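> Just so you know, we're using this note's numbering here: the sequence shown kicks off at 252 and counts up by one.
If you're looking for bench data, these hints aren't it; they were derived computationally from the structure. From a predicted model like this one, the values you see are computed outputs, not experimental measurements. Among the hints, erroneous ones may be present.
Mimicking DSSO-like on lysine-lysine, the simulated pairs with C-alpha atoms at most 30 angstroms apart in a straight line are [as the list claims (entries may be wrong)]:
| # | residue 1 | residue 2 |
| --- | --- | --- |
| 1 | K303 | K408 |
| 2 | K442 | K452 |
| 3 | K492 | K474 |
Derived DEER-like restraints, expressed as beta-carbon distance ranges [stated by the list, open to error]:
| # | residue 1 | residue 2 | range |
| --- | --- | --- | --- |
| 4 | R268 | P407 | 58 to 64 angstroms |
| 5 | E397 | D326 | 49 to 55 angstroms |
| 6 | A459 | K437 | 28 to 34 angstroms |
| 7 | Q447 | Q305 | 47 to 53 angstroms |
| 8 | K461 | K434 | 38 to 44 angstroms |
Heads up, the beta-carbon is just placed ideally off N, CA and C, and yes, glycines get one too.
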Amino acid sequence: KENERRRASAPLEKLQRPTLVSRSDNTITLNVYRHKSGGTLPPDRCWELSLKKQGDREFTVYAAVRGNPVVTVSDLVPGTRYSFKARVGRVSSEKDGEDGDTKSKSTMDVLSETVFSSLRDGSGSMKGVEIISEKDVSEWGDYSIESAYATSGTAPKETSKKHAEEEKAAQEANVSAPGQGKKAKKKQAQKEKSEQEALNKKHAEDDAAKAIDEAQQRREALKKAMEEAAEREMAEMNAIKEKLAKKDAA
Numbered sequence: 252k253e254n255e256r257r258r259a260s261a262p263l264e265k266l267q268r269p270t271l272v273s274r275s276d277n278t279i280t281l282n283v284y285r286h287k288s289g290g291t292l293p294p295d296r297c298w299e300l301s302l303k304k305q306g307d308r309e310f311t312v313y314a315a316v317r318g319n320p321v322v323t324v325s326d327l328v329p330g331t332r333y334s335f336k337a338r339v340g341r342v343s344s345e346k347d348g349e350d351g352d353t354k355s356k357s358t359m360d361v362l363s364e365t366v367f368s369s370l371r372d373g374s375g376s377m378k379g380v381e382i383i384s385e386k387d388v389s390e391w392g393d394y395s396i397e398s399a400y401a402t403s404g405t406a407p408k409e410t411s412k413k414h415a416e417e418e419k420a421a422q423e424a425n426v427s428a429p430g431q432g433k434k435a436k437k438k439q440a441q442k443e444k445s446e447q448e449a450l451n452k453k454h455a456e457d458d459a460a461k462a463i464d465e466a467q468q469r470r471e472a473l474k475k476a477m478e479e480a481a482e483r484e485m486a487e488m489n490a491i492k493e494k495l496a497k498k499d500a501a
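Construct the entire structure; sequences and hints are all you get.
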């Protein structure tokens, strides 16, 4: 009893930062109390763990219990980093005196618990359900230094606001106007297909006509070149004949 009275008036100790025990895609297990005297806090002490997801501004209380200092935080997002901090609370003597004589030692180990709920508010932040009132704890100590750990796995792809707006606009653009049902859409598609086929046919005809014109131009150029070559050959032969005739006359 003397030790209890001294401890009741002593300042509350500051916990070390929560340390990682294990992790999975959706859970992180932490040890919030490491002490040379043992693995649990004294009976008149409890501990509280708070957390926040990377990007959030405010911490949320996850659990406040007396007893086992190892806690598994569940319902987390894969591949996401979380920050944690813990503090010690002094259990009020009224809490223990209410029904302490009738409780077994194992039952007395548990003071309270804040149960994590899968419910989320509009911003996606986590919400807790408080089981006991604050009057069970007469005083809280300072928070520990924060620690940060990430869940395993791959974080889900987040859609940016701009991308979401563009996607919504595209979906709205694909919605048929009033009075345009499946038949109207099918008719419109057939019309567009026919117009495209007609355009492709015209391009093909134009290309064919152009190819014919180019071939005709090549034939005419070849014919002209042959005629010019024949004229040169004839002129050379006439020049030779004249030269021979002059030689004979001499």
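> Is the hinted pair K492 and K474 satisfied, with a Cα-Cα distance of at most 30 angstroms?
27 angstroms, holds
> Taking 38 to 44 angstroms as the stated bounds, is the beta-carbon spacing between K461 and K434 within them?
41 angstroms, holds
> Does the beta carbon distance between A459 and K437 stay inside 28 to 34 angstroms, or does it fall outside?
33 angstroms, holds
> Mind checking the hinted window 58 to 64 angstroms against the Cβ distance between R268 and P407?
For P407 against R268, whose Cβ atoms are near 28 angstroms apart, the range 58 to 64 angstroms is violated.
> Would you check the hint for K303 and K408, treating anything up to 30 angstroms between C-alpha atoms as holding?
20 angstroms, holds
> With respect to the beta-carbon atoms only, verify the hint that E397 and D326 lie 49 to 55 angstroms apart.
21 angstroms, violated
> CB of Q447 to CB of Q305, is that within 47 to 53 angstroms?
At roughly 51 angstroms between Cβ atoms, Q305 and Q447 fall inside 47 to 53 angstroms, so the hint holds.
> Holds or violated: K442 and K452, Cα atoms, limit 30 angstroms.
Roughly 15 angstroms separates the two Cα atoms, so the pair holds.
In summary, the numbered hints that this structure violates are 4 and 5.
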